[in-house]
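Given next are the chains, with one letter for each unit.
2 protein chains.
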Amino acid sequence: MQLLKDRIIKDGKVLNNGILKVDGFINHQVDPMLMDECGKELARRFKNCGADRILTAEISGIAPALMTARYLNLPVVYARKNKPVTMPDTVYLTIAPSHTKGNMVELIVSPEYLPRGEKILIIDDFLASGSTILGLVRLIQAAGAELVGIGTLVEKYFESGRALLSKNGTPIESLACIKSMENGTITFTEN
Amino acid sequence: MQLLKDRIIKDGKVLNNGILKVDGFINHQVDPMLMDECGKELARRFKNCGADRILTAEISGIAPALMTARYLNLPVVYARKNKPVTMPDTVYLTIAPSHTKGNMVELIVSPEYLPRGEKILIIDDFLASGSTILGLVRLIQAAGAELVGIGTLVEKYFESGRALLSKNGTPIESLACIKSMENGTITFTEN
Chain A
0 MQLLKDRIIK DGKVLNNGIL KVDGFINHQV DPMLMDECGK ELARRFKNCG ADRILTAEIS
60 GIAPALMTAR YLNLPVVYAR KNKPVTMPDT VYLTIAPSHT KGNMVELIVS PEYLPRGEKI
120 LIIDDFLASG STILGLVRLI QAAGAELVGI GTLVEKYFES GRALLSKNGT PIESLACIKS
180 MENGTITFTE N
Chain B
0 MQLLKDRIIK DGKVLNNGIL KVDGFINHQV DPMLMDECGK ELARRFKNCG ADRILTAEIS
60 GIAPALMTAR YLNLPVVYAR KNKPVTMPDT VYLTIAPSHT KGNMVELIVS PEYLPRGEKI
120 LIIDDFLASG STILGLVRLI QAAGAELVGI GTLVEKYFES GRALLSKNGT PIESLACIKS
180 MENGTITFTE N
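First to last, the protein sequences are chains A and B. Under numbering that gives the first Met the number 0, residues 0 to 190 are what the first sequence spells out, in order. Under numbering that gives the first Met the number 0, residues 0 to 190 are what the second sequence spells out, in order.
None of these hints come from the bench; they were simulated from the model. Treat the hints with care, as some may be off.
Copies of one chain are not kept apart here, so a pair can be met inside one copy or by any two copies together.
As the list claims (entries may be wrong) - Only pairs whose alpha carbons sit at most 20 Å apart, straight line, appear in this in silico EDC-like list of lysine to aspartate or glutamate: (1) 80 to 40; (2) 82 to 105; (3) 80 to 105; (4) 46 to 172; (5) 20 to 181; (6) 12 to 88; (7) 82 to 51; (8) 20 to 88; (9) 80 to 35; (10) 46 to 36; (11) 178 to 158; (12) 12 to 111; (13) 9 to 111; (14) 20 to 111; (15) 178 to 145; (16) 4 to 158; (17) 178 to 189; (18) 4 to 181.
Using the sequences and the hints, build the whole thing.
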């Protein structure tokens with residue numbers, strides 16, 4: 000998606016530790032018009048996937064998942080990293096390593112919002128190592144639901160996430176797929 | 000806003016500890032069409048406030064703030080509760096008590112997204128004790144910016160938040176203002 004790629008080139012910064020800083024428009028400050036366009040495009044790509052519900056992870060997955068859900072007219076659930084007092088005693092919980100924080104985080108979903116047998120579309124901001132999304136996949140499996148697709152804003156194609164997640168033929172779509180960030184220069188794949 | 004009040008009556012639950020559980024449509028699962036309508040209505044109420052930017056707090060403020068920002072065509076910033084590696088070394092940070100978690104949380108904003116002299120509109124999901132929103136107000140003051148309004152989805156009118164926050168004449172709008180939840184029955188104020 001050219002609009003997002005242009006914005007990453009304009010405002011994204013490659014930090015020394017290999018992290019892509021996009022906190023001016025995706026994950027601290029959000030550009031709502033850009034996010035709306037991204038949601039529209041992800042919804043277009045997954046309009047025939049038959050999803051009953053969208054699943055994402057707090058915090059930075061919420062904006063793209065909400066905008067996609069709005070265009071697909073589907074409820075969106077965000078896995079919590081802390082169990083709030085409003086959650087029932089029994090939940091689906093998995094742990095996943097956090098690339099940007101360097102520790103393990105919990106991903107928790109209330110069973111009432113992930114019913115057995117439903118078709119679930121995962122939307123998140125980043126696909127890099129795939130560890131967070133793989134955690135969401137485990138929650139879907141625990142619930143006896145079915146994963147029908149994975150959509151992200153930004154993909155780091157040079158990390159192992161896509162290979163890890165596409166094993167079972169799950170459709171994966173990313174709006175800006177980064178081939179390389181070497182020497183701080185961002186280049187995208189052809190598609 | 001009748002649509003939100005009707006949904007609270009239909010799907011909201013008053014828990015024993017005085018917490019209103021709305022995690023089926025606001026803060027775990029989100030109904031994107033309802034959230035879109037709420038954002039549209041908050042944008043209508045604040046269309047003349049002159050805001051340059053919207054500020055909210057992660058996690059459950061993100062959805063209503065994003066939808067309001069979309070209708071006002073303003074950037075939206077969510078205060079982080081943990082400092083990510085992408086943030087600069089020097090930030091605005093305040094601590095606020097968390098009503099639902101029973102501990103203190105940090106609220107952190109990167110100075111580049113809260114510029115001195117700007118007019119800031121705060122949007123959040125709940126106004127109850129007002130402690131989280133008061134934390135956001137302190138961040139705005141620390142930045143030398145100006146608070147021009149506070150909008151929330153749900154207000155617990157019987158708590159002290161409104162009295163605390165309206166001292167300086169700041170306009171406060173809530174879409175569903177709850178007068179009482181006694182014996183588990185939710186009643187709204189007239190307006």
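Quick rundown of the hints versus the structure:
no., hint, in the structure
1, 80 to 40, "neither (28 Å within a copy, 30 Å between copies)"
2, 82 to 105, "both (9 Å within a copy, 18 Å between copies)"
3, 80 to 105, "both (5 Å within a copy, 16 Å between copies)"
4, 46 to 172, "within (12 Å within a copy, 36 Å between copies)"
5, 20 to 181, "within (15 Å within a copy, 47 Å between copies)"
6, 12 to 88, "between (42 Å within a copy, 16 Å between copies)"
7, 82 to 51, "neither (24 Å within a copy, 34 Å between copies)"
8, 20 to 88, "between (37 Å within a copy, 14 Å between copies)"
9, 80 to 35, "neither (25 Å within a copy, 25 Å between copies)"
10, 46 to 36, "within (15 Å within a copy, 22 Å between copies)"
11, 178 to 158, "within (9 Å within a copy, 53 Å between copies)"
12, 12 to 111, "between (40 Å within a copy, 14 Å between copies)"
13, 9 to 111, "between (42 Å within a copy, 16 Å between copies)"
14, 20 to 111, "between (35 Å within a copy, 13 Å between copies)"
15, 178 to 145, "neither (30 Å within a copy, 42 Å between copies)"
16, 4 to 158, "within (18 Å within a copy, 46 Å between copies)"
17, 178 to 189, "within (9 Å within a copy, 57 Å between copies)"
18, 4 to 181, "within (17 Å within a copy, 52 Å between copies)"
Comparing the model with each numbered hint stated earlier shows that hints 1, 7, 9 and 15 do not hold.
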